[in-house]
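Engineer: Sequence:
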Amino acid sequence: QVQLVESGGGLVQPGGSLRLSCRASGTILSMYNMAWYRQALGKERELVARILSDIRALYPDSVKGRFTASRDRAENTVYLQMNSLKPEDTAVYYCNAIDPRPGRREYWGQGTQVTVSS
137 QVQLVESGGG LVQPGGSLRL SCRASGTILS MYNMAWYRQA LGKERELVAR
187 ILSDIRALYP DSVKGRFTAS RDRAENTVYL QMNSLKPEDT AVYYCNAIDP
237 RPGRREYWGQ GTQVTVSS
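Residue numbers for the sequence shown follow the numbering used here, so the first one is 137 and each next one is one higher.
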């Protein structure tokens, strides 16, 4: 059974940094299409990074230049490095995995809270 477990969230001041981790069990992450999403209170879930390779990802304009997503095959983990954090980055961050094989099963982690506040 595929399980995704996020960690690394917390409270940080504006301008600070955090690194989120998403570790997989029950599967090999590199086989899946991986992404990071976030959901702020009262808002819809939004994409913040779509991982294309171990070191390449696509980002929306809201986080481009500040967030960096990566994948470590040996650790079976994906990461989201978040720099220059802003109060509007406050949200629950989720790891997402989609199996590219027929059926395209989708998996979500439990989420980790990121709060940016002084």
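Each hint should be verified, as a subset may be incorrect.
Within a straight-line C-alpha distance of at most 25 Å, the following computed SDA-like cross-link-like pairs (lysine to any residue) qualify [stated by the list, open to error]:
| # | residue 1 | residue 2 |
| --- | --- | --- |
| 1 | 200 | 163 |
| 2 | 200 | 152 |
| 3 | 200 | 178 |
| 4 | 222 | 176 |
| 5 | 179 | 249 |
| 6 | 200 | 239 |
| 7 | 200 | 149 |
| 8 | 222 | 143 |
| 9 | 222 | 182 |
| 10 | 222 | 150 |
| 11 | 200 | 217 |
| 12 | 200 | 157 |
| 13 | 200 | 183 |
| 14 | 200 | 237 |
| 15 | 200 | 173 |
| 16 | 200 | 226 |
Keep in mind the hints are simulated off the structure, nothing from the lab.
Engineer: Look at each hint and say if it fits the structure.
Structural biologist: Status of the hints after comparison with the structure:
About 29 Å separates the Cα atoms of residue 200 and residue 163, which puts this hinted pair outside 25 Å; it is violated. Our distance criterion of 25 Å between C-alpha atoms is met by residue 200 and residue 152, whose separation comes to about 16 Å. For the proposed pair residue 200 and residue 178, the alpha carbon gap of about 23 Å is at most 25 Å, so the pair holds. Simply put, residue 222 and residue 176 have alpha-carbon atoms about 13 Å apart, close enough for the 25 Å limit, and the pair holds.
Distance restraint check for residue 179 and residue 249: the Cα-Cα separation of roughly 15 Å lies within the 25 Å cut-off, and the hinted pair is therefore satisfied. Of the pairs offered as hints, the one joining residue 200 and residue 239 is violated, with about 31 Å between alpha carbons and a cut-off of 25 Å exceeded. Annotation: proposed proximity of residue 200 to residue 149 holds, straight-line Cα distance about 19 Å (limit 25 Å). Distance hint between residue 222 and residue 143 is fulfilled; the C-alpha atoms sit about 19 Å from each other, no more than 25 Å.
Proximity of residue 222 to residue 182 is assessed by CA-CA distance (about 16 Å); at most 25 Å being required, the pair is judged to hold. Restraint check for residue 222 and residue 150: the C-alpha separation of about 5 Å stays at or below 25 Å, so the hint holds. For the hint pairing residue 200 with residue 217, the CA-to-CA distance comes to about 12 Å; that is within 25 Å, so the pair holds. About 19 Å separates the Cα atoms of residue 200 and residue 157, which keeps this hinted pair within 25 Å; it holds.
Taken as a hint, the residue 200 and residue 183 pair is honoured in the structure, with Cα atoms around 12 Å apart against an allowance of 25 Å. Between residue 200 and residue 237, the direct Cα distance comes to roughly 30 Å. Violation of the 25 Å bound is thereby established for this hinted pair. Distance check on the hinted pair: residue 200 and residue 173 sit about 14 Å apart at the alpha-carbon level, within 25 Å; holds. Of the supplied pair hints, the one linking residue 200 and residue 226 holds, its CA atoms being roughly 16 Å apart against a limit of 25 Å.
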